[in-house]
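Those protein sequence lines, which keep their order, are chains A and B. Under my numbering, think of the first position of the first sequence as 1, with each following residue one higher. Under my numbering, think of the first position of the second sequence as 1, with each following residue one higher.
Incorrect hints may appear among the rest.
Said to hold, decoys possible - The calculated lysine-lysine pairs, modelled on BS3-like cross-linking and capped at a C-alpha distance of 30 Å, are: (1) A:Lys9 / B:Lys127; (2) A:Lys286 / B:Lys34; (3) B:Lys173 / A:Lys2; (4) B:Lys286 / A:Lys2; (5) A:Lys173 / B:Lys343; (6) A:Lys79 / B:Lys12; (7) A:Lys34 / B:Lys98; (8) B:Lys79 / A:Lys98; (9) B:Lys120 / A:Lys2; (10) B:Lys286 / A:Lys173; (11) B:Lys257 / B:Lys227; (12) A:Lys100 / B:Lys257; (13) B:Lys9 / A:Lys127; (14) A:Lys96 / B:Lys147; (15) B:Lys343 / A:Lys2; (16) A:Lys34 / B:Lys96; (17) B:Lys147 / A:Lys120; (18) B:Lys79 / A:Lys9; (19) B:Lys96 / A:Lys147; (20) A:Lys350 / B:Lys54; (21) B:Lys286 / A:Lys9; (22) B:Lys100 / A:Lys12; (23) B:Lys286 / B:Lys2; (24) B:Lys120 / A:Lys313; (25) B:Lys100 / A:Lys100; (26) A:Lys54 / B:Lys34; (27) A:Lys34 / B:Lys147.
Since the hints were derived computationally from the structure, they do not count as laboratory data.
2 protein chains.
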Amino acid sequence: MKVSQLFTKTTKNPPAHETARNAQLLIQAGFIHKEMAGVYAFLPLGLKVIEKIKTIVREEMNAVGGQELIMTNLQPREKWEVTTRWNDDVVDVWFKTKLKDETEIGLAWSHEEPIIEMMKPFISSYKDLPVNVYQFQTKLRNELRSKSGIMRGREFLMKDMYTAAIDAEQHDKLYNEIMDAYTRVFARLGLGDDTYVTFASGGSFTKFSHEFQTVCETGEDTIYLHKKKNIAINEEVLDDESLQKLGISRDELEEVKSSEVGNIFNFGTEKSEQMDFTFTNENGEKQFIHLGSYGIGISRVMGVIAEKFADEKGLIWPANIAPATVYLARLSEDSTVVKTTDKLYDDMRKRGIDVLYDDRDVRAGQKFADADLMGIPYRVVVSEKTCQSGQHELKGRTESESQMLDNDGILEYLAPIGS
Amino acid sequence: MKVSQLFTKTTKNPPAHETARNAQLLIQAGFIHKEMAGVYAFLPLGLKVIEKIKTIVREEMNAVGGQELIMTNLQPREKWEVTTRWNDDVVDVWFKTKLKDETEIGLAWSHEEPIIEMMKPFISSYKDLPVNVYQFQTKLRNELRSKSGIMRGREFLMKDMYTAAIDAEQHDKLYNEIMDAYTRVFARLGLGDDTYVTFASGGSFTKFSHEFQTVCETGEDTIYLHKKKNIAINEEVLDDESLQKLGISRDELEEVKSSEVGNIFNFGTEKSEQMDFTFTNENGEKQFIHLGSYGIGISRVMGVIAEKFADEKGLIWPANIAPATVYLARLSEDSTVVKTTDKLYDDMRKRGIDVLYDDRDVRAGQKFADADLMGIPYRVVVSEKTCQSGQHELKGRTESESQMLDNDGILEYLAPIGS
């Protein structure tokens, strides 16, 4: 895409109304737009990042047999009353509204109950199990405060997966496969080294649930790292019993701030008992179904990456989720330079290189500043000088040194990095 | 995908709670799930249709310079008060809810006002125009009744595009390009022959707006066709003045039921005057921006196609939006038949043919009935007999005669039809 055609613009200064660094940078770079506190629209460059994150997550969820579907925002009261979760004292983040006939309905803050109700007509026998479904869906949560930008919104995008299994064994197999898929997701998102499987409160059925927590100074959670074992404990379960269970001692732990980018929850048969979700086993007996739920905060992950990797110049995206792989900056309106850069742009696109072409007639400093602020992984500069030498300048976003390469060299370098 | 792995199942009889034919069939075939009246989840096969429709629409919107983004469901009151449209007497389909501090907020039934507010910081000069943005977004509308399945939901998916232009001339150019893009969309969706550009009420700025109406017995609109001129008039503007303006006489018109699958609206400067949306022209003078809005009801289109093309056996999808191009039915558990069909399945996938492989151990009649109910464009049958002859049976969904082809012949036939 050409920058001259992009309708968004960067701004030099952060917006006055934002305190969260991720939102400040993403607004400055033209990636998001604030509708109200905790509610953000995703503009073209921001939507590209979201879609690339979704693609990675989708590939890994499909690889473990997930079937994609999409549930609804509007929720009937009855489905949630069965589990007492319609009650605002039990769930304090409901947005509720009314039909014309005054029937109260809810706006989905989660989809656990509706997913189970949806599955019921399709599952009757052990032969119908296991089932593994997921969606990318907007969640609406009436948070009291919302000051963390897209790291904790009132409206946000989540990938939520649900499994139904005949017993604990079948459940555990799915659970472990999905744990592995999550590990692959965070590695591909560039968060692998700083994301820890974290033991957190497990509800009534199981001692622990597993959270995926990414170390992040501005995160809202506090976790205790055991770097040697590559695990962490959420402060909510940090007690002697838990430490003993995990075979670690308190003085081996390091306290850090973090953000919960994913979680995995084993319901056992608790929810299926509440909702009467059963199957018939091989002996013709009715049994309750083992359920699991598995979330990844898609827009939160984007916020964490924005916040975590940024430097004083702006955003820094890992190459596989950047809105473009390369920022092609043309520093002159001279016809030879224009022709050369146009050709390089076309060649890049032919090679499948995702390129943002700054064809504007503005000064070089602004082009460099925009490339840095937007966090595009590579920058290629074409000027009168580089056209004379036949070698243009290529520089990584976080590198201080650039290298000079001819057209073919640039294409060879960038093509494997991705589209 | 293999049918044995698909968690949804077909049902023989239509659901008792549905009167709309599209919803009956889509529920029977396992494409959608009803959450409540006018609110439907899209299950894997249904989501595939939605995504294929979106892909066609996205390609055509990008081709006319549209930049994709995504706005929000939650809406602050202030943005809508400016145009009086927060008022429930002006807009009677609002769902409204409240933040914890009792601030009333709305749920987006449209995105016109927020899109304009979002654009403001990016547009100041004539050099910033024109702008053309669009999104695929869920709309929530508090309809009094909702009995038309996914043809008119309380929650539905829409593609909405918005243009901003310096003057009527620049606006008209965009408007006509988008009109042409819409015509291409409906042609590609298989609705070209039955979709009419329809003159409807234009609001205060312009005499007419343009609707795209698809002839459909169960549609909620009534239009008057002029087949020779390939246009139609909505009953709301069918008066002598309109007829004269369009140069047609009343007795040339044919009354039909239809469904509004798209609309195109010229706001002129009415909305930008209300919302103070201006740019500075070449002479340094402030001027109001010309705005247009352009909708396509994505889930409605799916409903219209479901309803319109169905026969007594079930759904009939045009090949380019079908959840699969071919239904591969294996009629035996014999090892040769299994091996042959497995290989054909792999070969189809290698050739990029989107295939649904019925590998279940159920009787042939059920496989044929499911293939027909789901509306898959082609069916290939592999049995002991066809394995002996080396030629399998290929039949189009609406054809009565089948043809016998060997593996290569089947692949050659289906590969160009698409993935």
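Comparing the hints with the structure gives:
1. A:Lys9 / B:Lys127: Given pair Lys9 (chain A), Lys127 (chain B) holds - Cα atoms ~13 Å apart, limit 30 Å.
2. A:Lys286 / B:Lys34: Given pair Lys286 (chain A), Lys34 (chain B) holds - Cα atoms ~26 Å apart, limit 30 Å.
3. B:Lys173 / A:Lys2: holds (21 Å)
4. B:Lys286 / A:Lys2: Status holds; Cα separation ~27 Å.
5. A:Lys173 / B:Lys343: holds (29 Å)
6. A:Lys79 / B:Lys12: holds (26 Å)
7. A:Lys34 / B:Lys98: holds (18 Å)
8. B:Lys79 / A:Lys98: holds (22 Å)
9. B:Lys120 / A:Lys2: holds (21 Å)
10. B:Lys286 / A:Lys173: Outside the cut-off at roughly 65 Å; violated.
11. B:Lys257 / B:Lys227: holds (15 Å)
12. A:Lys100 / B:Lys257: Between Lys100 (chain A) and Lys257 (chain B) the Cα gap is close to 27 Å, so the pair holds against 30 Å.
13. B:Lys9 / A:Lys127: Within the cut-off at roughly 13 Å; holds.
14. A:Lys96 / B:Lys147: holds (23 Å)
15. B:Lys343 / A:Lys2: Between Lys343 (chain B) and Lys2 (chain A) the Cα gap is close to 45 Å, so the pair fails against 30 Å, i.e. violated.
16. A:Lys34 / B:Lys96: Holds, at roughly 19 Å.
17. B:Lys147 / A:Lys120: holds (24 Å)
18. B:Lys79 / A:Lys9: With a Cα-Cα distance of about 22 Å, the restraint between Lys79 (chain B) and Lys9 (chain A) holds, given a limit of 30 Å.
19. B:Lys96 / A:Lys147: holds (23 Å)
20. A:Lys350 / B:Lys54: Distance ~25 Å between Lys350 (chain A) and Lys54 (chain B) Cα, so the pair holds.
21. B:Lys286 / A:Lys9: holds (20 Å)
22. B:Lys100 / A:Lys12: violated (34 Å)
23. B:Lys286 / B:Lys2: Measuring from Cα to Cα gives roughly 61 Å; hence the hint is violated.
24. B:Lys120 / A:Lys313: OK: Lys120 (chain B) and Lys313 (chain A) at ~25 Å, within 30 Å.
25. B:Lys100 / A:Lys100: holds (23 Å)
26. A:Lys54 / B:Lys34: holds (26 Å)
27. A:Lys34 / B:Lys147: violated (36 Å)
Hints 10, 15, 22, 23 and 27, counting from the list given before, are not met by this structure.
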